Structures are given as structure tokens and as C-alpha cells.
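Assemble chain B onto chain A, guided by the hints.
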Amino acid sequence: MQTDEMILVNEFCTHHQIDISFVRSLQQSGLIEIIQTKEAICVHRDQLPELEKMARLYYDMDINMEGIETITYLLNRMNAMQQEIIKLNDRLQIYEENEE
Amino acid sequence: MDYIDYYKILGIDKNAGADDIKKAYRKLARKLHPDLNPNDKEAHKKFQQVNEANEVLSDPEKRKKYDQYGKDWQHAEHFEQQRRSGGRRQQTGAQDFSGFEEHDFSSFFESMFGQGGGRQQAKFRGQDYQAELKLSLEGAMTTHQQVLTVNGKNIRITIPAGVENGQVIKLKGYGAPGVNGGPNGDLYITFNIMPHPVFKRLGNDLYMTANIDLYTALLGGEKTIDTLSGKVKLTVKPETQAGIKIRLKGKGFPVYKKEGEHGDLYITYQVQLPEKLTEKEKALFTELKNLK
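Chains as they are written, first to last, in our numbering: chain A, 1 to 100; chain B, 1001 to 1292.
Careful: at least some of the hints might be erroneous.
Listed below are several chain B residues computed to face chain A (Cβ distance under 7 angstroms; list not exhaustive) [to be verified]: (1) Arg1026; (2) Ala1029; (3) Arg1030; (4) Asp1035; (5) Asn1165; (6) Gly1166; (7) Lys1200; (8) Leu1202; (9) Tyr1207.
Simulated pairs of lysine-lysine, DSSO-like, Cα-Cα distance not exceeding 30 angstroms [unchecked claim]: (10) B:Lys1245 - A:Lys87; (11) A:Lys53 - B:Lys1041; (12) A:Lys87 - B:Lys1064; (13) B:Lys1031 - B:Lys1046; (14) A:Lys53 - B:Lys1233; (15) B:Lys1257 - A:Lys87; (16) B:Lys1065 - B:Lys1008; (17) B:Lys1064 - B:Lys1022; (18) A:Lys87 - B:Lys1172; (19) B:Lys1031 - A:Lys53; (20) B:Lys1134 - B:Lys1170; (21) B:Lys1065 - B:Lys1170; (22) B:Lys1170 - A:Lys53; (23) B:Lys1249 - A:Lys87; (24) B:Lys1258 - B:Lys1289; (25) A:Lys53 - B:Lys1046; (26) A:Lys38 - B:Lys1172; (27) B:Lys1134 - B:Lys1258; (28) B:Lys1045 - A:Lys87.
What the hints contain is simulated information worked out from the structure, not anything from laboratory work.
These figures come from a predicted structure and were not determined experimentally.
Heads up, the beta-carbon is just placed ideally off N, CA and C, and yes, glycines get one too.
Next up, chain A with everything else stripped away, as it sits in the complex (with noise of 0.2 angstroms):
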């Protein structure tokens, strides 16, 4: 795995100004991969924005770790519902053309 692709745990906590317990919790509850390198523990460039979300969610708006659990489940849904209906809506317009 590259390195550059890694962000380190430390260093994300030091710029947000958050406990790393935060992290931890985060990786415990299964919300995000922490991976441990000889050095250090690092979270993959992939999973930044997710972590950022997941840390606005817990210190600007007060919601728990269960709270962050249920909204990145529920969020995930309604992901997939929006490209349900995507497909639902290319779907219909066959229909829509048959009976035209």
C-alpha cells in the first residue's frame, strides 16, 4: 500500500484538535479501518471525508457514537435508495414508451 495514500491518526487529531479515543471508538464500532503500520496508525486518504463527517457529527452537532452509527447506516440507505430510484425512473420510461 503506498504511503502517500495514508493519513496519520496522530496528525488528523493534532489539526482537528481531537482526541484520538475518538478514532479509536470510531474503528471499534466498525465505522472506519484503522491500519497499523510499524510506525504509526493511519486511516487510507479513502476514508478522510467520512472520518471528518463522522467528527463534525460527534463535536460540532453533540451526536453520540450510537447516533453516528445509526445516521451512517441510515445515510448508506438512503444512498442506495437515490440510485434505486435512478434505475427505477430508466426503468419506467420503457414502460412509459410502450404505452406512448
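Okay, now just chain B, sitting in the frame of chain A:
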């Protein structure tokens, strides 16, 4: 530029304490924050107002100035140069991760507090950009390159054949620049595939309607149709019923990132009845009718 009542936006009175402000902000943020309302522009806009109100009212200095000048804000003296230069702000816990750019504040805010007043110096990842790319069905059929202009920057992207309507691809680092040396955001491109007048797509399969005349439907024959990959000659079986659907294997849409693989093409036959019958034709049809 209108005066903005930040107290009204947060739903608090002018004597509200720091805790009340924080509580009101968090309550509204839980309802309107863009993280919880993806793709909802209205919620995003409202949250910007809430965020701005909190930015002002949760900072004692800004709140004092806001309260002092209030509706006469246009006559307010220039705020101290020091504030404009954006020193490290007090920790209000309100915006540490918001990633908003300067223009996310209203003109009213910028006029009173200067651009970017109160932003902190920590590194931030740049904001992600969202873009939509319209493609014709034919365009989505072949792997090709396209140049996009995003915020004045030209980006050449390769669009693989078989891309789906609504599919999102991510281009790392093509979002807004990071703040204070932070990494750039990403660019998310959503493909919007335009409806085609003849072909409808469902996954990798294509659907179309082909007209055949009554005689071909009854007696059988040949019918040449235009598919997206060229002309195809079909053999129509005798006594083909109207609305019957046939499948042409492998004549559908290319499968995304699977070179050489295609879905199927489904053709629904529509039988066209003859119009403006001559007397002789009418007599022959009557004869046919009487035979049964």
C-alpha cells in the same frame, strides 16, 4: 444587502447565553447540516445561515459588535485590521470541520467582519466538488476521453464504455485546494445519460420497438433494423403477434469495464395495420373474414 437577524435564525432571544446559543446551533445543525442532507441545496443554504449566525453569536467580540451596530451595520467602523487578518479564533466547537469557503458567508457578514474573519489556521482538506456530466446513450457506449472545465481548470478524463446513468466517479485531488497546506478535496462526477428517442437502457440491456407491416407479421419475412452498433437483418416468423418481444444476444450495451462483453437487445414488434384500404382490399379482407 439586507440586515440579517442572527438571533431570529437561531431562534433565540437577545439575552441568550453561550450555552443557549450552542444548544440552538446544535439543534439546527442536526436538522440542516449538509452531512445529514446530501444533495439537498435548500438545507445547505439554510445551514449556511445557521452557521454564520453561530459564527457571530458564539464569538463574544463579534457578538458585541453585531449587537452594537445592529441594523446600522452599514455605518460600522472598519473592524480592527487584526481581526481581518484572521487570527486563530476562539474554540466555539462550531466550525472546526465545516470546510466552507469564504463565499459561504453572506455579504452582510463579510461587510461587518471582513472576508474570512475568524477562520482558524489549522490545515484543512479542501472541499469536495460535485459535477454533473451529460452523455448521450451513444456517448456512453464507447470508451472515450473528454475534457472538463472545473473551476477554470481543464481536466481530461477517460470515460469507460458502459457507464451507468447516475454513476459517480471520484477524481482524487481535483476538488478545492486544501486550506493552510491541507490536501485538496476530491471531484465527484455524476453521469447523467440522456434519454434516447429509440433505445431504452436497463443495466446492460437495450430495449426498442420495431414496426412491421401486417403482411410480414402474418406471412413472415425480413426486417432490417438499426441498432446502436449497426444494421441487423431480422427474420420475422410467420404469424408473429403484436407486442411479442425477441432478444438479440450480445447486441445490447457494453458491460462497464469488461471489454468485449455486451448485454442483450430486446425488440418489441409493433404491427402496423394498413390504412386507406382500396375497395378491392376491403373485399379481400371481407373474404378472409368470412373464411373463418
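A quick look at each hint next to the structure:
1. Arg1026: holds, 5 angstroms
2. Ala1029: Check passed: Cβ of alanine 1029 of chain B comes within 5 angstroms of chain A, closer than 7 angstroms.
3. Arg1030: At about 5 angstroms, which falls below the 7 angstroms cut-off, the nearest Cβ of chain A leaves the hint on arginine 1030 of chain B intact, so it holds.
4. Asp1035: Holds - the Cβ of aspartate 1035 of chain B comes within 7 angstroms of chain A, reaching about 5 angstroms at its closest.
5. Asn1165: holds, 6 angstroms
6. Gly1166: holds, 4 angstroms
7. Lys1200: This hint holds: lysine 1200 of chain B lies near chain A, its Cβ roughly 4 angstroms from the closest one there, short of 7 angstroms.
8. Leu1202: holds, 6 angstroms
9. Tyr1207: holds, 5 angstroms
10. B:Lys1245 - A:Lys87: holds, 21 angstroms
11. A:Lys53 - B:Lys1041: holds, 18 angstroms
12. A:Lys87 - B:Lys1064: violated, 53 angstroms
13. B:Lys1031 - B:Lys1046: holds, 10 angstroms
14. A:Lys53 - B:Lys1233: violated, 56 angstroms
15. B:Lys1257 - A:Lys87: holds, 19 angstroms
16. B:Lys1065 - B:Lys1008: Judged against 30 angstroms, a Cα distance of about 17 angstroms means the pair holds.
17. B:Lys1064 - B:Lys1022: holds, 17 angstroms
18. A:Lys87 - B:Lys1172: This hinted pair holds, its Cα atoms lying about 26 angstroms apart.
19. B:Lys1031 - A:Lys53: The hint holds at about 15 angstroms.
20. B:Lys1134 - B:Lys1170: holds, 16 angstroms
21. B:Lys1065 - B:Lys1170: violated, 43 angstroms
22. B:Lys1170 - A:Lys53: holds, 17 angstroms
23. B:Lys1249 - A:Lys87: Satisfied, since the Cα-Cα distance of roughly 22 angstroms is no more than 30 angstroms.
24. B:Lys1258 - B:Lys1289: violated, 53 angstroms
25. A:Lys53 - B:Lys1046: holds, 18 angstroms
26. A:Lys38 - B:Lys1172: holds, 26 angstroms
27. B:Lys1134 - B:Lys1258: Since the Cα atoms of lysine 1134 of chain B and lysine 1258 of chain B sit roughly 22 angstroms apart, the hinted pair holds (cutoff 30 angstroms).
28. B:Lys1045 - A:Lys87: holds, 28 angstroms
The earlier numbered hints that this structure contradicts are 12, 14, 21 and 24.
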